[in-house]
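Chains as they are written, first to last, in this note's numbering: chain X, 773 to 1052; chain U, 18 to 315.
Since the hints were derived computationally from the structure, they do not count as laboratory data.
Just so you know, even glycine gets a beta-carbon here, dropped at the ideal spot from N, CA and C.
There may be inaccurate statements among the hints.
Stated by the list, open to error - Example chain X residues on the side facing chain U (calculated, C-beta under 7 Å, incomplete): (1) T774; (2) L777; (3) R779; (4) P781; (5) G825; (6) R826; (7) F828; (8) P830; (9) A1013; (10) C1019; (11) F1020; (12) Y1031; (13) M1032; (14) V1036.
What the hints assert, rightly or not - In silico DMTMM-like cross-links for lysine to aspartate or glutamate, where the CA-CA straight-line distance does not exceed 25 Å: (15) X:K1026 to U:D102; (16) X:K1026 to U:E96; (17) X:K1026 to U:E67; (18) X:K842 to X:E914; (19) X:K1026 to X:E999; (20) U:K176 to U:D202; (21) U:K176 to U:D216; (22) X:K842 to X:E868; (23) X:K1026 to U:E269; (24) U:K176 to U:D102; (25) U:K306 to U:E252; (26) X:K1026 to X:E1048; (27) U:K93 to X:D1028; (28) U:K176 to U:E137; (29) U:K176 to U:E101; (30) U:K93 to X:D1044; (31) X:K884 to X:E999; (32) U:K93 to X:D1037.
In case you want the letters, here they are:
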Amino acid sequence: MTAPLGRRPCEVAGNRASGGYRIFSLVDSEGPTPEPGQFYMLAAESGWGEGGGRPFLPRAISVAETAPAKAGVRLDFLVEGVGPGTSRLCELEPGERVWITGPLGNSFSTPKQVRPGAAGAILVGGGIGIAPLALWRRHLVERGIPLRVLLGFRNRRHSGGLDELFCAGESLCPDVRLASEDGHAGHQGYVTDLLATMLAGDDAGSAVVYSCGPPAMLEAVRALCAEAGVACELALESPMACGYGACFGCAVPKPDGGYMRLCVDGPVVRGDAVAEVAHA
Amino acid sequence: MPDLCGIELAHPVINASGTYDAIAARRVFGDALLEDFPFSAFVSKTITPEPRAGNAPQRIWETPAGMINSIGLPNKGLEGFLAEDLPQLAELPVPLVVSVMATGQPEFARLVEAVGEREEVAAIELNVSCPNVHSGLIVGEQPSETEALLETLRPLTPKPLIVKLTPNVADPGAVAVAAEAGGADAVSLINTLKASAVDLRTGAPALAAGHGGLSGPAVRPIALQQLRAVLAAVEIPAIGMGGISSGADASEFLAAGAALVAVGTESFRDPLAGSRIARELEIAAQARKPREAALDLD
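Can you build the whole structure from these sequences, using the hints too?
What follows is the structure, encoded as structure tokens:
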């Protein structure tokens, strides 16, 4: 699937708080429905780059949910305002327009595509990285693939998205378990504690792990899966100016030396296709 | 009709080397890219004699109205380029300029000979922002080194040689004069400005390489002045670039005497920035025409 050539303006259909995060929706009347794991380059039409200053470059944001819209497809993005770009996206008002380029990058593979004998999926998300897993979870459920979802957050302020993306009605979906470092929700500790327990179980070998989150968490997931002999796909993040292979900024080291460009060779990569996930 | 050293072009907007990977863009956007290709000529990423992996991340950093990069010239090397990339670049609907760089005259000569003999290649751009391993000096920062390199390369190909000038010198005009004396057909400028940033979360340099090159609208007034200084010093044409983001920006460079303009960083924000800027130039030209016609009728 190729993306429509160039960037295009999309109208903001909504923007609401979700815990400490925001979920905003755009209506795209030109592009295809994205696959789970894909992302867009986003820049507000106003208050972005004109008159100098920052934000200047578009921001790469994964899709958290899609839905048919009257004129095209609705794209939902989960964001946390941590810098000038994401803060501007958090302020988007309905009726404003956003330049988008995409959908870009590859997408998650089904468990059987990863490993013919695989039967189920374990989704491991951390913080804002739960976004692409929400869309992937819905696709897996629609395909009848058994799954467990493990989501972790630092604390109450740095958490969100559950109400819209991982709830059925008022309550959390039954396949979802939570962890939080401050203990405000679920297991007090890391989400990777939950994963370690699950990988020690009898049927873990038949699952494929899908993960997105902060680099330190992804590295822990990669190492746990490697140790347990469980295949995993990681949705990585890397500083990206363009999203379509032009800037060569999003270099990620490969295990055999050299680098991949995450925008065109990812963002979803097999655990064994990257060297250690770099983290500070 | 704008032209590149005698090669007629559909409009005056090309890309800056290293800011557009037409092969990757075609993978992302499909063949629609060829039908609406944003540039009137395509300049490749810089090719070196041997393959290069490029620098370790972090490679880019956003700054006010711009960005700093230290990519490190990842490329497949001469053999890989000729075998894998050149056939694909030859499918682009516009003339192809190949950018080359080496750290010594014999290696530079090997690149120019090998690339110059390929009929798919319309012109060669010399990236001289590199050290000469023998003298230790950055070729493009020294008029004598630049002239000596051109004198070596000029006899090797009849194709146009374009020298990409660095802005990190006190007198870019002197380097341009040396390039002209050595037989260059054109100069292009500016390359990025040396720059750095600190990641305040760590207190360490933001880029793994410690420093990089600044591009984007932040550098535009500097680029324009360097262009003026160079054009005052030489007769050969200049390709002007540095932070061009709109037709109005491009008009400034063309009004200052640039034969063509190149777009770099703006393509990261808008994959079709090249054709948008060309269209904005055309609209501005059309807007001027009716007034002239009306005057003719008076």
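Now the hints, each set against the structure:
no. : hint               : verdict
1   : T774               : 4 Å, holds
2   : L777               : 4 Å, holds
3   : R779               : 5 Å, holds
4   : P781               : 11 Å, violated
5   : G825               : 5 Å, holds
6   : R826               : 6 Å, holds
7   : F828               : 6 Å, holds
8   : P830               : 6 Å, holds
9   : A1013              : 4 Å, holds
10  : C1019              : 5 Å, holds
11  : F1020              : 5 Å, holds
12  : Y1031              : 6 Å, holds
13  : M1032              : 11 Å, violated
14  : V1036              : 5 Å, holds
15  : X:K1026 to U:D102  : 21 Å, holds
16  : X:K1026 to U:E96   : 22 Å, holds
17  : X:K1026 to U:E67   : 19 Å, holds
18  : X:K842 to X:E914   : 22 Å, holds
19  : X:K1026 to X:E999  : 19 Å, holds
20  : U:K176 to U:D202   : 9 Å, holds
21  : U:K176 to U:D216   : 45 Å, violated
22  : X:K842 to X:E868   : 18 Å, holds
23  : X:K1026 to U:E269  : 43 Å, violated
24  : U:K176 to U:D102   : 20 Å, holds
25  : U:K306 to U:E252   : 29 Å, violated
26  : X:K1026 to X:E1048 : 9 Å, holds
27  : U:K93 to X:D1028   : 16 Å, holds
28  : U:K176 to U:E137   : 11 Å, holds
29  : U:K176 to U:E101   : 22 Å, holds
30  : U:K93 to X:D1044   : 24 Å, holds
31  : X:K884 to X:E999   : 21 Å, holds
32  : U:K93 to X:D1037   : 16 Å, holds
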